[in-house]
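Be aware that the sequence shown starts at 2, since it is given in my numbering, and climbs by one per residue.
Keep in mind that the hints were calculated from the coordinates and are not lab data.
Hints are supplied without guarantee of correctness; some may be wrong.
[What the hints assert, rightly or not] Now the in silico label distances, taken between C-beta atoms and shown as ranges:
#: 1; residue 1: Glu-102; residue 2: Asp-23; range: 28 to 36 Å
#: 2; residue 1: Ala-24; residue 2: Gly-45; range: 26 to 34 Å
#: 3; residue 1: Asp-23; residue 2: Phe-104; range: 31 to 39 Å
#: 4; residue 1: Gly-25; residue 2: Leu-5; range: 15 to 23 Å
#: 5; residue 1: Glu-17; residue 2: Ala-99; range: 16 to 24 Å
#: 6; residue 1: Arg-47; residue 2: Asp-23; range: 28 to 36 Å
#: 7; residue 1: Ala-3; residue 2: Asp-23; range: 28 to 36 Å
#: 8; residue 1: Arg-92; residue 2: Glu-42; range: 15 to 23 Å
#: 9; residue 1: Gly-50; residue 2: Arg-13; range: 17 to 25 Å
#: 10; residue 1: Arg-4; residue 2: Ser-41; range: 17 to 25 Å
#: 11; residue 1: Ala-3; residue 2: Pro-53; range: 31 to 39 Å
A virtual CB, placed ideally from N, CA and C, is assigned to each residue, including glycine.
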Amino acid sequence: DARLTSWESELRPAFEALPLDDAGRLSPAAARYMLHRHFSEQRGWRVSGLDPQGEAWEGLSPLAVFDALFGEGSVAGLFGESAAHSALGFRDIATIAAIVEVF
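Can you build the whole structure from these sequences, using the hints too?
What follows is the structure in structure tokens.
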């Protein structure tokens with residue numbers, strides 16, 4: 002839990018700078034962008050599937066991206082079936098970042 006708190010501290014400024022929906026969550030595209038920027042700037046990592054590859058920041062949720070990389074249901078299953086196409090809250094995004102960091 003201490004590591005998750007550390008990741009939350011790193012991620013909070015980016016989360017608060019992006020447009021949130023009425024429930025205070027990020028769209029799948031915005032969450033993907035945020036995670037891409039975090040890993041690129043904070044870790045120097047290029048995480049396959051998070052970058053737009055010359056396309057717009059539309060399309061897959063970060064959960065769907067990681068399921069494609071690690072196997073169906075590997076990450077999205079932790080958040081519930083509907084989460085792969087839904088807006089994500091701050092704690093959800095911090096949890097995804099933590100999962101990726103320990104893989």
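Check your understanding: Any hints this thing doesn't respect? Which numbers, in order?
Key -> none
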